[in-house]
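Let the sequences and hints guide you as you build the complete structure.
2 protein chains.
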Amino acid sequence: MENWVPGFLAAFPGGMATADPEELARNAGDAWLASHLPQAVFYPESGESVVRLVQWASHSGVSITPRGAGRGYVGGCVPVRGGIVVNFSRMNRIREIDPQDGVAIVEPGVITAQLQEAVARIGWFYPPDPASAAESSLGGNIATNAGGPRCLKYGVTRHYVLGLEVVLADGTAVRVGGRTHKNKVGFDLVGLFVGSEGLLGLVTEATLRLIPRPPHRVCAAAVFPSIESAAGCVEAIFGAGLLPSALEIADRFTLERAREFCPEPLPPGQAHLLVEIDGHPVGVDAEIETLLPLLRRSGAEEIQIGRGDEGGELLWRTRRSFSMALKASGLTKLNEDVVVPRRRLVDLVRLGSDLELRYGFPVACFGHAGDGNIHVNLMVDRSQPGADRRAQEALDLLFHRIVDWGGSITGEHGIGIAKERWWPLAVSPEVRTLHRRLKNALDPKGLLNPGKFV
Amino acid sequence: MENWVPGFLAAFPGGMATADPEELARNAGDAWLASHLPQAVFYPESGESVVRLVQWASHSGVSITPRGAGRGYVGGCVPVRGGIVVNFSRMNRIREIDPQDGVAIVEPGVITAQLQEAVARIGWFYPPDPASAAESSLGGNIATNAGGPRCLKYGVTRHYVLGLEVVLADGTAVRVGGRTHKNKVGFDLVGLFVGSEGLLGLVTEATLRLIPRPPHRVCAAAVFPSIESAAGCVEAIFGAGLLPSALEIADRFTLERAREFCPEPLPPGQAHLLVEIDGHPVGVDAEIETLLPLLRRSGAEEIQIGRGDEGGELLWRTRRSFSMALKASGLTKLNEDVVVPRRRLVDLVRLGSDLELRYGFPVACFGHAGDGNIHVNLMVDRSQPGADRRAQEALDLLFHRIVDWGGSITGEHGIGIAKERWWPLAVSPEVRTLHRRLKNALDPKGLLNPGKFV
Chain A
1 MENWVPGFLA AFPGGMATAD PEELARNAGD AWLASHLPQA VFYPESGESV VRLVQWASHS
61 GVSITPRGAG RGYVGGCVPV RGGIVVNFSR MNRIREIDPQ DGVAIVEPGV ITAQLQEAVA
121 RIGWFYPPDP ASAAESSLGG NIATNAGGPR CLKYGVTRHY VLGLEVVLAD GTAVRVGGRT
181 HKNKVGFDLV GLFVGSEGLL GLVTEATLRL IPRPPHRVCA AAVFPSIESA AGCVEAIFGA
241 GLLPSALEIA DRFTLERARE FCPEPLPPGQ AHLLVEIDGH PVGVDAEIET LLPLLRRSGA
301 EEIQIGRGDE GGELLWRTRR SFSMALKASG LTKLNEDVVV PRRRLVDLVR LGSDLELRYG
361 FPVACFGHAG DGNIHVNLMV DRSQPGADRR AQEALDLLFH RIVDWGGSIT GEHGIGIAKE
421 RWWPLAVSPE VRTLHRRLKN ALDPKGLLNP GKFV
Chain B
1 MENWVPGFLA AFPGGMATAD PEELARNAGD AWLASHLPQA VFYPESGESV VRLVQWASHS
61 GVSITPRGAG RGYVGGCVPV RGGIVVNFSR MNRIREIDPQ DGVAIVEPGV ITAQLQEAVA
121 RIGWFYPPDP ASAAESSLGG NIATNAGGPR CLKYGVTRHY VLGLEVVLAD GTAVRVGGRT
181 HKNKVGFDLV GLFVGSEGLL GLVTEATLRL IPRPPHRVCA AAVFPSIESA AGCVEAIFGA
241 GLLPSALEIA DRFTLERARE FCPEPLPPGQ AHLLVEIDGH PVGVDAEIET LLPLLRRSGA
301 EEIQIGRGDE GGELLWRTRR SFSMALKASG LTKLNEDVVV PRRRLVDLVR LGSDLELRYG
361 FPVACFGHAG DGNIHVNLMV DRSQPGADRR AQEALDLLFH RIVDWGGSIT GEHGIGIAKE
421 RWWPLAVSPE VRTLHRRLKN ALDPKGLLNP GKFV
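Residue numbers (full-length UniProt numbering), protein chains in the order written: chain A, 1 to 454; chain B, 1 to 454.
Any given hint could be a false lead.
Restricting the straight-line Cα-Cα distance to at most 35 Å, the calculated cross-link-like pairs of lysine-lysine (DSBU-like) are [unchecked claim]: (1) B:Lys153 / A:Lys153; (2) B:Lys439 / B:Lys333; (3) B:Lys153 / B:Lys333; (4) A:Lys327 / A:Lys153; (5) A:Lys153 / A:Lys445; (6) B:Lys153 / B:Lys445; (7) B:Lys327 / A:Lys445; (8) B:Lys439 / A:Lys445; (9) B:Lys327 / B:Lys445.
Chain B is nowhere near these chain A residues, computed Cβ spacing over 12 Å in every case [unchecked claim]: (10) Gly14; (11) Ala34; (12) Ser46; (13) Asp285.
To spell it out: a stretch of chain A is covered by chain B in this simulated footprint if at least three of its residues, at any positions, have a beta carbon under 8 Å from a beta carbon of chain B; those stretches are [what the hints assert, rightly or not]: (14) 63 to 73; (15) 164 to 177; (16) 237 to 243; (17) 306 to 318; (18) 403 to 415; (19) 424 to 430.
For the record, the hints were derived by calculation from the structure and aren't laboratory data.
Please read these numbers as outputs of a predicted model, since none were measured by experiment.
Heads up, the beta-carbon is just placed ideally off N, CA and C, and yes, glycines get one too.
This is the structure in C-alpha cells:
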C-alpha cells in the first residue's frame with residue numbers, strides 16, 4: 001500500500017489530523033503492556049468530523065482504531081495494524097444534564113468522574129464506577145461495558161446507556177435507542193455496540209440514564225481470620241436479604257502489601273471485606289444494624305464503620321490503596337478480571353495461592369466479591385529469566401480452571417489483545433463464527449480496530 | 001412448494017409434531033387481533049429436539065415461528081406466512097434455583113409467575129414483572145425484553161438474563177453468556193437475542209440472575225385533583241432522592257371505568273398514583289414518611305397505605321382492575337405501550353384527551369409513570385362503521401407525536417405485526433438497513449418468524 005499519510009493530512013487540514021511522532025507515541029498503548037505506533041492520529045471535534053474521517057478511511061482502505069482515555073487493561077485501543085487512531089479526547093463536552101427526564105447526553109471523551117460529579121452536584125446519580133473513573137472516558141467505558149464495585153446493586157454501563165450515535169464502518173451515522181428509559185423498537189442495537197471494543201462502530205454521542213442520588217451511605221470494613229470466613233459472610237449477607245451497593249473482598253497477600261503501604265493502620269487478619277449500604281439514612285442505619293452481627297458471626301475480628309461520603313471515603317481510600325500498594329511493589333501487575341459463580345470464591349482465592357507456590361511469584365486477589373468478579377493479580381518480575389513464559393503458563397492454568405468452573409475469563413476489561421490467546425478457550429467455535437458473521441455484517445472490509453480477537 | 005406436512009409428521013413421530021386442525025387454531029394468534037393458521041405445530045420436549053426440528057426446517061426450506069404462552073400484544077408469534085409454530089409449552093421445567101450463585105436455570109416455557117413464586121419461597125427475588133406474569137412465559141418475556149412496574153428500580157428482563165442456549169436458523173445450538181453475574185467475553189450476544197422477537201434464534205434455556213428478596217414493601221395510593229398534579233408529584237418524588245420499586249399513574253377515564261367495576265370504592269379525583277417502596281422494613285417506613293408529605297404537597301386528596309405483601313396486594317388489585325375494567329367495557333382495547341421522555345407525561349395524557357375528542361372513542365392512559373412508559377388504550381367499538389379506519393388514524397397521530405417528542409412507539413410489547421406500519425416512522429432507513437444486515441447474517445434464508453418487521 002502506498003503511503004497514504006500525506007494525502008490524509010492534506011484531506012484534513014485545521015489541526016484534527018497529525019502524524020507528529022510524539023502524537024503517534026502518545027496513542028500507541030494503554031494501561032497494559034502492548035504498544036504499537038499508528039501512522040496517524042485524528043482528534044475529531046464533532047460527530048460530523050468522525051463521519052468525514054471514516055468515509056475517507058473506508059474509501060482509502062485505511063484502518064481505524066478508536067481510543068478513549070487509554071486506560072484499558074487489555075490493549076483494546078492499541079492499533080496493532082497501524083493506520084489511524086481516532087482519539088476522542090477533544091469531544092469531551094457534557095451536552096446536557098436533564099433531571100426531569102433523568103438523562104445526560106455526553107460526548108465520548110468526557111471523563112467518567114466528571115459526569116459523576118456534575119450529576120451529583122444536582123442530587124442525581126450516574127452509578128457505573130470503574131476503578132479508573134477519574135481517568136477513563138465514557139466512550140471507553142461504553143466500548144468495554146465497564147463495571148466497578150457498584151455493579152452489584154446498580155448494574156454495568158450497559159444498563160445506563162439509553163441511546164447512542166454511532167458512525168458505522170462505511171461512514172454512515174446512525175442513532176440507536178433514544179432518550180426514553182424503555183425502548184423495545186427493534187433489536188437491541190444499543191446493547192450490540194456497548195462492549196463491542198471498537199470493532200463494530202465509533203460512538204460519537206451517548207444518552208445516559210440517571211437515577212436519584214441515594215441520600216446516604218455507610219461503609220463497614222471488616223477483617224477476617226480466613227478467606228473462607230470472609231467468603232462465607234458474603235453468602236450470609238445475601239441470605240439476610242441485603243443488597244449492598246458494594247461488597248469487596250481482599251486476600252492475605254493484598255493486605256500484607258497494603259500494610260506496608262497504607263497511611264492508615266490495617267488491623268491484622270487474613271482477609272478483608274468492605275460492605276457499603278446506600279439509601280435513605282434511617283434505612284441505611286437499620287441495614288447496618290442487621291449487617292454488623294452478621295459480620296461478627298462470620299468471624300470478623302475488627303470492624304470499622306465509615307458514615308456518609310466522608311467517612312465512607314476514608315475506608316474506600318484503604319480499599320483503593322490495595323491496587324496502589326501492589327503497583328508500588330515495582331513488579332509488573334498482570335490484573336486478570338476473572339469472574340466465577342459465587343460459590344467458587346474460596347476456590348478461586350485458593351487457586352491464587354496454588355499459582356503462587358507453583359510459579360514462584362506473588363498472586364494478589366481482591367475485588368467485587370458480590371458478583372464473583374475477582375481481580376487476580378500476578379505480580380511478575382519481568383527482569384527474571386523465563387518470567388514471561390512462567391506468567392503465561394500460570395495464566396493458562398488460571399483461565400482453564402475458570403472455564404472449568406463455568407466462569408468467565410473477563411468481567412470488565414474485555415478481550416482486546418491481552419486475552420486473545422484464551423478467546424478460543426472461553427467461547428465455542430460456533431460462538432466465534434457468530435462473532436465473525438456480525439463483524440462481517442457491520443464492517444465487511446475489516447477496517448475498525450483490526451487485528452483484534454474476532 | 002409441494003405439501004411438506006406429511007413428510008414433517010413422518011420425520012417427527014412420537015407426539016411432538018401435529019397438524020391437527022384444533023392445534024393449528026390454538027397456535028394462530030396471541031392477545032392482539034391478528035391470527036393466521038400455521039400448517040403444523042411442533043411441541044419440543046428438549047433443546048435437542050429443537051435442533052433436529054430446525055435442521056429439518058432449514059433443509060426443507062420451511063419457516064418457523066417460535067411461540068411462548070401466546071400472551072403478546074403485537075402479534076409477534078402469529079405465523080403470518082404459515083409454516084411450523086414451535087410451541088414451547090412442554091419445555092416448562094425450572095431446572096435449577098441456586099441462591100448461592102444467585103441464578104436460576106429455566107426452560108423457555110416456564111410461566112413467569114411460577115419462577116417468581118418458586119424463588120420467593122426461598123427468600124430470593126426475580127424482579128421482572130410484566131402485567132401478564134401469571135400467564136406469560138419466560139421465553140416470551142425474553143423475546144420481547146418484557147418490563148413491568150418494577151423496571152423503574154430493577155430494570156427490564158435483559159438485566160436478568162446471564163446466559164442463553166439458542167438454536168440458530170441453521171440448527172446450530174450455541175451457548176452465549178453463562179452463569180456469572182458479569183461477563184465481558186466478546187460482543188453482547190445475550191443482549192442481541194433478548195428482545196429479538198424470535199427473528200434471530202430460538203431460546204431453549206436461560207440462566208437468570210436472582211437477587212436477595214427485599215424483606216418489606218409498602219404501597220401508597222393517592223388520588224389527585226388533576227393529571228398535572230399527579231405528574232408533578234412524580235418529579236417531586238425523584239427530586240427527594242426516592243427510587244420507588246413502582247410508580248404507576250392512571251387518568252380520569254381509567255378511574256371512571258374502574259369506579260364502575262371495582263369491588264373496593266375509589267375516592268373521587270382526576271388522577272391516581274400508586275407508589276411502592278421496598279427494602280429493609282425500617283428504611284421503607286422512613287421513606288414512606290418522606291413520601292407522604294410530598295404526595296400531599298403535590299395535591300393528593302386521599303392517600304391509602306398498604307403495608308407488606310398483603311396490604312400492598314389490596315392496592316395492586318385496584319391498579320390491576322384498571323385493565324380489567326377497560327376490557328369489561330366490551331370495547332376492543334388497543335393497548336399502545338408508548339414511552340415518552342418523562343417531562344412529556346402530562347402532554348401525553350392531554351394528547352389522549354385530544355384523540356378522544358377528535359375521533360370519538362374513549363382513550364384511557366395508565367401505566368409506568370416513573371419511566372415515562374404509559375399504556376395508551378384506545379377503546380374502539382369495531383362494530384361501528386369506519387371504526388378501524390379511525391383507530392388507524394388516531395394511532396397515526398399518536399405515534400407521530402410520540403416520535404416528535406423523542407419518545408418510543410413501544411417500551412415493552414415490541415413491534416410484531418401491530419406496530420409494523422410505524423416501524424419506518426420509528427427508525428431511520430439506516431437503522432432498518434442495520435436490522436436487515438443482522439438478520440441476513442444470522443438467518444440468511446429468512447426462515448425464523450418470517451413476514452415480520454425486518
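Evaluation of the provided hints:
About 10 Å separates the Cα atoms of Lys153 of chain B and Lys153 of chain A, which keeps this hinted pair within 35 Å; it holds. Of the pairs offered as hints, the one joining Lys439 of chain B and Lys333 of chain B holds, with about 32 Å between alpha carbons and a cut-off of 35 Å not exceeded. Simply put, Lys153 of chain B and Lys333 of chain B have alpha-carbon atoms about 28 Å apart, close enough for the 35 Å limit, and the pair holds. For the proposed pair Lys327 of chain A and Lys153 of chain A, the alpha carbon gap of about 29 Å is at most 35 Å, so the pair holds.
Between Lys153 of chain A and Lys445 of chain A the alpha-carbon distance is near 40 Å, which puts this suggested pair outside the 35 Å criterion. Between Lys153 of chain B and Lys445 of chain B, the direct Cα distance comes to roughly 40 Å. Violation of the 35 Å bound is thereby established for this hinted pair. Of the pairs offered as hints, the one joining Lys327 of chain B and Lys445 of chain A is violated, with about 54 Å between alpha carbons and a cut-off of 35 Å exceeded. Taken as a hint, the Lys439 of chain B and Lys445 of chain A pair is honoured in the structure, with Cα atoms around 19 Å apart against an allowance of 35 Å.
Note on Lys327 of chain B and Lys445 of chain B: the hinted pairing is violated, with a Cα-Cα distance of about 40 Å set against a maximum of 35 Å. The beta carbon of Gly14 of chain A sits about 27 Å from the closest Cβ of chain B, which is more than 12 Å, so the claim that it is off the interface holds. The claim that Ala34 of chain A is not at the interface with chain B holds, since no C-beta of that chain comes within 12 Å of its own (minimum 18 Å). Listed as a non-interface residue, Ser46 of chain A keeps its Cβ farther than 12 Å from every Cβ of chain B; the least gap is roughly 19 Å.
At the 12 Å boundary, the C-beta of Asp285 of chain A falls inside the reach of chain B, the nearest C-beta of that chain being 8 Å off. Here's how the segment 63 to 73 of chain A fares: 0 of its residues keep a CB closer than 8 Å to some CB of chain B, so the rule of at least three is not met and the hint is violated. Only residues whose beta carbon comes within less than 8 Å of a beta carbon in chain B count, and the segment 164 to 177 of chain A has 6; three or more means the coverage holds. Counting residues of the segment 237 to 243 of chain A whose CB falls under 8 Å from any CB of chain B gives 6; the rule of at least 3 is met.
Counting residues of the segment 306 to 318 of chain A whose CB falls under 8 Å from any CB of chain B gives 0; the rule of at least 3 is not met. By the rule of at least three residues with a Cβ nearer than 8 Å to a Cβ of chain B, the coverage given for the segment 403 to 415 of chain A holds, with 10 such residues. Three residues within the 8 Å Cβ limit are the bar, and the segment 424 to 430 of chain A against chain B gives 4, so the coverage statement holds.
Checked against the numbered hints given earlier, this structure breaks hints 5, 6, 7, 9, 13, 14, 17; the rest are met.
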